[in-house]
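Given the coordinates of chain W, work out where chain P should sit on it, guided by the hints.
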Amino acid sequence: MPFYPEAGSVWIVMNICRNIRRKLSKYQDGELSAAQKNTIEAHLRSCKGCSRYLEDLAHVVQLFEVLPQIKPASMFSGQIIDRATRAEEPFWVRTLGGGFRLFPAPAAMAMLAIVGLLAGAALGNLLTEDRLYPSRSFSANYSSQSATLVSLSVFDAVPPGSLADGYFKMASRNPEHNHEM
Amino acid sequence: MDDLQNETRTNEDLMGRVGKKDTDAFETLVHRHQRPVLNFIYRLMGDALEAEDLAQEVFLRVWKSAATYKPDAKFTTWLYRIATNLCINKQRALRIRKWFSMAQSKKQKQDSARPFIHAENDGPATPEDHLLDAERTQQVLDAIGDLPASQRSAIVLKMDQGLSYREIAQIMDRSVSAVDSLLIRAKKNLHKKLIQEK
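Protein chains in written order, with our numbering: chain W, 1 to 181; chain P, 182 to 379.
Excised from the complex, chain W in its bound form:
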């Protein structure tokens, strides 16, 4: 007969402790109301188990205290501002780098000149047929002769396939002249 009340009381005590321990983390972090705090503190005064549990939680907080505080490098904010302002620049300026930032107008002109030269050479060599140099269309009978002729063409004032050759062809392209030839 006395067994049941005793077992019941143990169960009740365990249940109370479980509920209190669930709230101890919040208690430690100062997240409870004044009434809840008073209840917890009253329980802690009479329960060694729960007091020990709170001590364990305090040890975890202490672990964070050993971690060093690091401070940012001196150029940290400067680097961020630099990156942020660069992010505002147009894509082509970001891609092509510092020269454009320092001398935007000359750099843009130089860039346009380079693009123009390359595009002109490519178009000249691709679109113009080789009518100005009939000797180049000479077909050698033997492969050795052909190789010699090709290799000698590098000594031309305007070697075939070069940038200047492309331009020369483009500039000299004349339908009437072609017709005469």
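Read the hints as simulated data drawn from the structure, not as lab findings.
The structure presented is a predicted model; accordingly, all values stated were derived computationally and were not measured.
For glycine and all other residues, C-beta sits at the position ideal for the given N, C-alpha and C.
Mixed in with the good hints there might be a few duds.
[To be verified] Computed footprint of chain P on chain W; a stretch qualifies when at least three of its residues, placed anywhere within it, have a C-beta under 8 angstroms from a C-beta of chain P: (1) 50-59; (2) 77-83.
[To be verified] Among the chain P residues that face chain W by a calculated CB cut under 7 angstroms, a handful are: (3) Tyr250; (4) Thr318; (5) Tyr346; (6) Asn370.
Quick look at chain P alone, frame taken from chain W:
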């Protein structure tokens, strides 16, 4: 003069100016938050070099999204949400990379980063003390690193940044009771790992 005025402005006010691409306001904001953000990321990632890179990324995101920023919540809540999400994404990427190349251990990485840590205080007196402290720091960082991502974010936001459960819930997009559960589990796990097993 403008710098001095910026110093007295609230975060939300500064963000309004950053939205209009005011670099002075942005610089003030960076100066104000760089250290807590850097330390927050360092505790989450356990690597000082990684922390510096990610902290820069956080502030760049702030700069880029300033125009669309609405001061519904506190600026710091928004800032730490960016930082938390970046860290989680980075850790996910690192885990995948680690899975593909199991070569480099985390320990080695942290050893290489250690010279770049600028400790706030001058540190302990003797090299032995310094070594013990470094070892202890490493153990704690490793234990934090082993926690699941949500527990790790919650415990660092609480312990290191001292934020309230409500603020953590807003940052992590969870309920206050969920944050409470995360913190209870995180504390239990850290206790088990660092105190019981010691």
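Right, here's what the structure says about each hint:
1. 50-59: holds (count 3)
2. 77-83: holds (count 5)
3. Tyr250: violated (15 angstroms)
4. Thr318: holds (6 angstroms)
5. Tyr346: With Cβ-Cβ at 5 angstroms, under 7 angstroms, it holds.
6. Asn370: With a closest approach of 9 angstroms, the Asn370(P) hint is violated.
In this structure, the earlier hints numbered 3, 6 are contradicted, and the remaining ones agree with it.
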